[in-house]
Amino acid sequence: QKEVEQNSGPLSVPEGAIASLNCTYSDRVSQSFFWYRQYSGKSPELIMSIYSNGDKEDGRFTAQLNKASQYVSLLIRDSQPSDSATYLCAVNPAGKSTFGDGTTLTVKP
Amino acid sequence: GAVVSQHPSWVICKSGTSVKIECRSLDFQATTMFWYRQFPKQSLMLMATSNEGSKATYEQGVEKDKFLINHASLTLSTLTVTSAHPEDSSFYICSASQGSYEQYFGPGTRLTVT
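In order, the protein sequence lines correspond to chains A and B.
Residue numbers for the first sequence follow the numbering used here, so the first one is 1 and each next one is one higher.
Residue numbers for the second sequence follow the numbering used here, so the first one is 110 and each next one is one higher.
These are computed hints drawn from the structure, not numbers from a lab.
Heads up, a few of these hints could be off.
To be verified - Here chain B is said to cover these stretches of chain A; the calculated rule only asks that three of the stretch's residues, wherever they fall, bring their Cβ under 8 Å from a Cβ of chain B: (1) 45–51; (2) 97–104.
Said to hold, decoys possible - One side of the interface only, derived from the structure: several residues of chain B facing chain A at Cβ under 10 Å: (3) A111; (4) V113; (5) H116; (6) P117; (7) Y145; (8) F148; (9) Q151; (10) L153; (11) L155; (12) K173; (13) E211; (14) Y213.
Note that the Cβ used here is the ideal one computed from N, Cα and C, for glycine as well.
Required output: the full structure, derived from the provided sequences and hints.
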């Protein structure tokens, strides 16, 4: 079992819809959780961090964390074609993040 | 804030030569820097973690004599690929952390070994 698991996708949603990206992790002591966006040929960019159970909103992005169930999700509202990218979930139990393989999102105009 | 630069952005070298890649945190002091490698359409692969003034910690399977990492200051880390071969051609990305566990990535260096 991988430490951090994500559906590889591709996930395709129409423009304006809500995109839902999910991630599960195996290390129960993890305290820090991150979502990164990576465009093709570019390096990852941090878009959200979450440390406590519940929801955290930033613009069109909402991160959700449930430590009891060991999952973290990212919702993208009003999806735009510019959101088309690979989204990486990262979990940090002890100062070094472990990344999932990423979910590729395509937003169709 | 939290800007990380890398130099060069791309490099082509001949087989057998060495290449040095620089990673700088421009507006913060990075207590830890990470080096990753990514092949096309594959996930990030952590190569090593380095703390300023300490020897780097390499991931299993990464040759420390081939990939030399120096973290000379809180704003600079370098990765030297020694005796490069075509199979070392990849996208090398550094990231820096200032202790809050959030990692900020540099733009990456695309290495092609001919």
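Okay, the hints, checked on the actual structure:
| no. | hint | in the structure |
| --- | --- | --- |
| 1 | 45–51 | holds (count 3) |
| 2 | 97–104 | holds (count 5) |
| 3 | A111 | 8 Å, holds |
| 4 | V113 | 9 Å, holds |
| 5 | H116 | 14 Å, violated |
| 6 | P117 | 14 Å, violated |
| 7 | Y145 | 9 Å, holds |
| 8 | F148 | 12 Å, violated |
| 9 | Q151 | 8 Å, holds |
| 10 | L153 | 5 Å, holds |
| 11 | L155 | 8 Å, holds |
| 12 | K173 | 17 Å, violated |
| 13 | E211 | 6 Å, holds |
| 14 | Y213 | 6 Å, holds |
Hint compliance for this structure: hints 5, 6, 8 and 12 are not met, and every other hint is.
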